[in-house]
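Trainee: If you want the building blocks of each chain, they are given just below.
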Amino acid sequence: MSDPSVTQDLIHGGEGPAASVVSSSNRPRSLWQDTWDILRHRKIFWISFIMLILFLLMAAFPSLFTHKNPDYATLAKSMDPPSGEAWFGYDLQGRDVFARTIYGARTSIIVGVLATLVTVILGGVAGVLAAYYARWVDSILSRIGEIFLGVPYVLGAIIILGTVAPAQSSPDRVTIMAVVIIVLAVLGWPILMRIARSSVIQAKHQDYVQAARALGAGPFRIIFKHLLPNSLAPILVYSTITIGSYIGAEATLSLLGIGLREPVISWGIAIADHTSYIRTGAHAMLFPAAFLSLCVLTFVMLGEAVRDALDPKLR
Amino acid sequence: MVEVLSGPTGRGSYSGALLEVENLQVEFHTRQGVAKAVNGVTYSVNPGETLAVLGESGSGKSVTAQTIMGILDMPPGRVAGGAIRFRGVDILKLPEEQRRRIRGEGISMVFQDALSALNPVFPVGWQIAEMFRIHRGSSRSDAKKKAVELMDRVRIPGARDRVNDFPHQFSGGMRQRIMIAMAIALDPEILIADEPTTALDVTVQAQIMGLLADLQRDSNMGLILITHDLGVVADVADKIAVMYGGRIVETAPVHDLYRNPAHPYTKGLLESIPRVDLKGQELYAIKGMPPNLLEMPSGCAFHPRCPYRREDCATAVPPLYPISGTRGSACHYWREVVDGSR
Amino acid sequence: MGRYTIRRLLQLIPVLLGTTFLINYMVWQLPGDPFAGRCGQRPCPDSYVSAMRAQFGLDQPILLQYWQFLKNMLSGNLGVDFNQVPVVTQLADAWPITIRLALLAVAIEAVIGISAGVLSGLKRGGFIDNVVTISTLFLLSLPVFVTGFLLQWLLGVQFQIITPTVSDEAPIMELIVPAFVLASLNMAFTARLTRTSIVENRRSDYVRTAIAKGLTNRRVVGVHLLRNSLIPVLTFLGTEVGSLMSGAIITEGIFNIHGIGGLLYRAITGQDYTIVVPIASLLVLVYLVSNLLVDLLYGVLDPRIRYE
Ligand SMILES: Nc1ncnc2c1ncn2[C@@H]1O[C@H](COP(=O)(O)OP(=O)(O)OP(=O)(O)O)[C@@H](O)[C@H]1O
Ligand SMILES: [Mg+2]
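Protein chains in written order, with my numbering: chain A, 1 to 315; chain B, 1 to 342; chain C, 1 to 308.
Worth flagging that the hints you see were computed from the coordinates, not collected in a lab. Warning: the hint list may mix true and false statements.
[Said to hold, decoys possible] In the DSS-like style, the derived pairs of lysine-lysine whose C-alpha atoms are separated by at most 27 angstroms in a straight line are:
hint, chain 1, residue 1, chain 2, residue 2
1, B, Lys36, C, Lys71
2, B, Lys36, B, Lys287
3, B, Lys36, B, Lys93
4, B, Lys93, C, Lys123
5, A, Lys225, A, Lys204
6, A, Lys43, C, Lys123
[Unchecked claim] Pairwise CB distance ranges, derived in the manner of DEER restraints:
hint, chain 1, residue 1, chain 2, residue 2, range
7, B, Ser141, C, Arg3, 31 to 39 angstroms
8, A, Asp34, B, Asp73, 19 to 27 angstroms
9, B, Ser171, C, Gly18, 52 to 60 angstroms
10, C, Pro86, A, His205, 58 to 66 angstroms
11, A, Tyr72, C, Ile134, 21 to 29 angstroms
12, B, Asp73, C, Ile6, 56 to 64 angstroms
13, A, Asn69, C, Ala92, 46 to 54 angstroms
14, C, Gly18, B, His228, 33 to 41 angstroms
15, C, Leu292, B, Arg140, 31 to 39 angstroms
16, C, Leu285, A, Phe220, 39 to 47 angstroms
Each residue gets a CB set at the ideal place from its N, CA and C atoms; glycine is no exception.
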C-alpha cells in the first residue's frame with residue numbers, strides 16, 4: 001500500500017491526477033491488476049479460493065452435501081463411530097455428525113461475516129472520522145479504542161456474554177447470534193479503526209486531496225470519493241483474515257457455554273457437547289473441529305495471499 | 001607478477017600495485033532484468049596514494065567499492081567477471097574465511113551515512129573496541145583503552161568521557177570520526193571512503209577531509225576516495241578515475257585531468273563546477289539523462305549526451321586509449337577533446 | 001527515567017479505576033439475579049435471597065458498592081464467595097499454577113518462536129522458511145482449543161505419552177503440553193515478527209558495517225543483527241503476557257488445571273461474581289503493569305528512545 005494514488009486509479013477508472021502514473025509498459029496499470037497478476041500464479045490463492053467456494057456452497061445449500069436431517073436423533077445410535085452409513089458417526093444424542101457438521105458451516109460463516117461487517121462499519125467510520133477531523137476527535141476516538149484494546153479479548157467476551165446471556169439462559173436463535181456478533185464487533189473494532197485511520201491520514205496529505213479541498217469539495221465528497229477508496233485494500237485484507245478469526249472466536253465462546261447454544265447448529269457447540277467424551281468418542285468432536293479449522297484456515301490463507309500480492313516487498 | 005605472501009593479511013613483498021581492480025564486472029538480477037552496474041572497471045592504488053573516483057549518481061562507484069570489500073548484496077548482485085588483486089592475490093577467489101580476515105585488517109571502509117552505518121544499540125567505544133577483540137583477541141579493558149586512544153586520534157573532544165555514549169548522541173561530524181576511527185583501528189593498508197562527507201556541512205567536510213589526509217600520511221595507507229565533489233579532489237587526490245555507466249571513462253593524474261580533460265564527460269563535469277573567477281557566467285550542465293543500466297546505449301554509453309559524437313560512437317565501444325603514462329581516455333575522439341575543438 | 005516511570009504509574013490509576021468500575025458495574029448491575037438459581041430445582045426462598053443481597057451489599061447504591069470493593073481490594077480482604085469460602089484462599093491456591101503455566105508458555109514462545117523466525121528470516125524462500133510460513137499459518141488458523149483438544153487426544157489418548165488432564169499440584173512436566181497450547185498462537189506471531197524484523201534489518205547499513213569490520217558471520221548475525229531485530233519481538237512478548245493470562249481460561253479448562261483461568265471460568269458459569277470481579281480486576285492489573293514494564297524495557301533495549 002505504498003502508493004495510494006494507484007488505488008485511486010482503480011476506483012475512478014484512471015481519471016484525475018493519478019492517471020498520469022504510467023509504468024514502463026506504457027499502459028497505466030492498477031494496483032488490482034498487478035495484484036491479480038501475482039495472485040494468479042500463487043497456488044495458495046487457488047487452494048484457498050476453491051475451499052472458500054466449497055464452504056460458501058455448504059453454507060448456502062447444505063442439502064447439496066447431505067440429504068439427512070441434522071436434527072433427527074436416534075438415541076440408540078448415540079456415539080456410534082464412523083461407518084459407511086454415517087461417515088462421521090453419530091453424536092451423543094444419536095444425530096448424524098456429518099449432517100450436523102455440514103449444517104454448522106452456515107452458522108459459522110454468517111456469524112463470521114456479519115461480525116466482520118459490523119466491525120468494519122464501526123471501525124471504518126471511527127477511523128475515517130478520526131483521521132479526517134484529527135485534533136480532539138482523533139484523540140478521543142483513539143483513547144476509547146485503546147481502552148477496548150486494553151481488555152484482553154477472551155476476558156472481555158466472557159464478562160460481557162457471561163452477564164448479558166449467562167450460560168443458564170436459553171435465548172432464541174436470532175437473539176443469541178445477534179448478541180455474539182455484537183460482542184465480537186465491539187471488542188474488535190479498534191484494530192480496524194487504526195488501519196482505516198492510518199491509510200486515510202496517508203491519503204489526506206496527497207496533493208490531489210489537498211487540491212479537492214482547496215476547490216471547495218465538502219467533507220462527505222472528500223471522504224467518500226478520495227479517502228475511503230484509499231483504505232479499501234488494507235481493510236479488505238484485514239477483514240478476510242478477521243472473518244476467519246471471528247469464526248474461531250465464535251466457536252471458542254460456544255465452547256465456554258456463553259456463545260451460541262442449542263437449537264443453533266454450530267461447530268463450536270458440537271465440540272463443546274462432546275469434550276468429556278474425548279476418550280470414547282473423539283469422532284463427534286474431531287470432525288467438527290477439523291471443519292472449523294479448515295474454514296478458519298481458508299479465510300486466513302486467502303487474506304494472507306492477497307496481502308502478500310498487494311505488497312510483494314514483504315515476501 | 002610475483003606472488004609472495006605471508007598469509008592473507010601478512011605484509012609480504014609483492015610487485016605491482018597494492019590493490020588492483022581489473023576489468024571488474026558486476027550485475028544485479030532484478031525483476032526487470034539484469035542491470036550491469038559495473039562493466040569492466042580497472043584501477044589501482046599504491047601505499048600512500050590517493051585515488052579519487054568520480055562520477056554521477058548510479059555510475060557504479062559504490063558497487064565497485066562494495067565488491068572490493070566483499071559486502072555486495074548477493075543476491076541480487078553477482079560478480080560477472082574480472083579480478084581484484086590485493087598484494088597480488090585475487091581476493092575474489094579466496095575462501096570466505098580468508099576474505100573476512102582481510103576486511104578491517106587489510107582493507108577497510110568508511111561509509112557515507114555514519115548514523116545508519118553505526119549500530120544504534122551499542123556504545124561507540126564498544127563498537128571500536130570490537131575490532132581489537134575480534135581480530136586481535138584483546139581483553140575487554142585493553143580494547144576499550146585502545147578505543148579511547150583512537151577516538152583521541154580522530155580528534156573527538158573528551159574521548160574518555162564519551163566512549164560509552166551511543167551513536168545518536170553525537171553530531172554528524174563526530175559520528176563520521178567514529179566511523180573513521182573504527183576503520184583505521186587495525187592499521188589497514190587500504191582505506192575506502194565512500195562519500196565520507198556528503199552528509200555533513202561544509203566546514204565539517206573540510207575537517208574530515210583534513211583528518212583523512214593526515215591519517216593517510218601518518219600511516220602510508222592507500223586511499224580510495226569516492227566523491228562527487230571535484231573541489232575536494234583537487235586538494236587531496238593523486239590520481240583520478242572518472243566513471244560513467246559502470247565504466248572508467250578517464251584516468252589521469254589529478255593535475256593533468258583538471259588542466260586538460262581527455263573525455264567529453266569529464267570536460268562536462270569540470271565545466272559544471274561553479275568557479276569564483278567566472279562569476280556571472282552561466283553554469284554548464286551535461287544534457288540528457290544518465291544511462292539506463294537495463295538497456296545500456298550501444299557503443300559508447302555516453303554517446304547520446306556527447307557533443308563530440310560521430311556515427312561510429314553508437315556502434316563501437318571505445319577501449320581505454322592510453323594517452324601518456326598513466327593517462328587514459330575511453331573516447332574515440334579524445335584528441336579533439338584534448339585540443340578543445342568542439 | 002524515574003520521573004517517567006512515576007508519571008506512567010500515575011496514569012495507570014485512572015485507567016485501573018475505570019476498568020474495575022466497568023467490571024463491577026457489568027457484573028453486578030446487568031440483568032439476571034445471581035441468587036435465583038442457587039437452590040437446585042426450586043426457586044430460592046425470599047429470605048435467603050435478601051440475606052445474600054445484604055451480605056454482598058447489593059442493596060446499596062452502585063457507587064457505594066464500588067467504594068467498598070476498592071477498600072476491600074486495597075486491604076487484601078476479598079471476603080467470601082457465595083458458598084462462604086474465603087476468596088483469598090482460592091486465589092492463593094490458583095495463582096502460582098497459572099503463573100507457572102504462563103511463564104512456561106512465554107519461554108516456549110520465545111525459544112521456539114524466535115529461533116524459527118531467525119532461521120526463516122535468514123534464508124528467505126528456503127526450505128525452513130517455507131516450513132515456518134506454513135506451520136505458522138496453521139497455528140494462526142487453529143483456534144487454541146482445537147490445538148488443545150487435538151494434542152490432548154493425540155498425546156493423551158492415542159499415544160498415551162501424557163496424562164490427558166493435569167493433576168492438582170500441576171508439576172512443571174505435566175504443564176509442558178498445556179503451556180505449548182497456550183503459547184501456540186503467540187509463538188506463531190513471534191516467529192513471523194522475528195522473521196520480518198530480521199529481513200528488514202538484514203540489509204541495513206549497520207549490518208553491512210559489521211561485515212566490513214571483518215566480524216565472523218556468526219557474530220554479525222548473533223550480536224549485531226539479532227540485538228536490533230529482537231527489540232520489537234521482546235516488546236511483543238511482554239505486551240502479550242497479560243492476554244496470555246486470560247487465554248489460560250481456555251487452556252486450563254481443557255486440561256483441567258486448577259489455576260486462575262479455571263477458577264474464573266467456573267465462577268462465571270456458576271455466576272459467582274464475588275470471584276469474577278477480583279480475578280478480572282487482577283488480570284487487568286497484570287495486563288496494564290506488563291504493558292508499563294514493556295515500555296520501560298523498550299528504553300533499556302533501544303538507547304535511542306528518550307522519555308520526557
Ligand atoms: N542492491 C542492489 N540491487 C539492485 N541494484 C543495485 C543494488 N545496488 C546498486 N544497484 C544499482 O547499481 C547501480 C550503481 O549503483 P552505485 O551505488 O554504485 O552508484 P554510485 O555511483 O555509488 O552512485 P551515488 O553517487 O549515488 O552513490 C545503480 O544504478 C543501482 O541501481
Ligand atoms: Mg554510492
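Trainee: Against this structure, judge whether each hint is valid.
Mentor: Hint-by-hint comparison with the structure:
no. : hint                                        : result
1   : Lys36(B) <-> Lys71(C)                       : 75 angstroms, violated
2   : Lys36(B) <-> Lys287(B)                      : 23 angstroms, holds
3   : Lys36(B) <-> Lys93(B)                       : 21 angstroms, holds
4   : Lys93(B) <-> Lys123(C)                      : 24 angstroms, holds
5   : Lys225(A) <-> Lys204(A)                     : 12 angstroms, holds
6   : Lys43(A) <-> Lys123(C)                      : 21 angstroms, holds
7   : Ser141(B) <-> Arg3(C): 31 to 39 angstroms   : 34 angstroms, holds
8   : Asp34(A) <-> Asp73(B): 19 to 27 angstroms   : 24 angstroms, holds
9   : Ser171(B) <-> Gly18(C): 52 to 60 angstroms  : 45 angstroms, violated
10  : Pro86(C) <-> His205(A): 58 to 66 angstroms  : 59 angstroms, holds
11  : Tyr72(A) <-> Ile134(C): 21 to 29 angstroms  : 39 angstroms, violated
12  : Asp73(B) <-> Ile6(C): 56 to 64 angstroms    : 47 angstroms, violated
13  : Asn69(A) <-> Ala92(C): 46 to 54 angstroms   : 52 angstroms, holds
14  : Gly18(C) <-> His228(B): 33 to 41 angstroms  : 58 angstroms, violated
15  : Leu292(C) <-> Arg140(B): 31 to 39 angstroms : 34 angstroms, holds
16  : Leu285(C) <-> Phe220(A): 39 to 47 angstroms : 44 angstroms, holds
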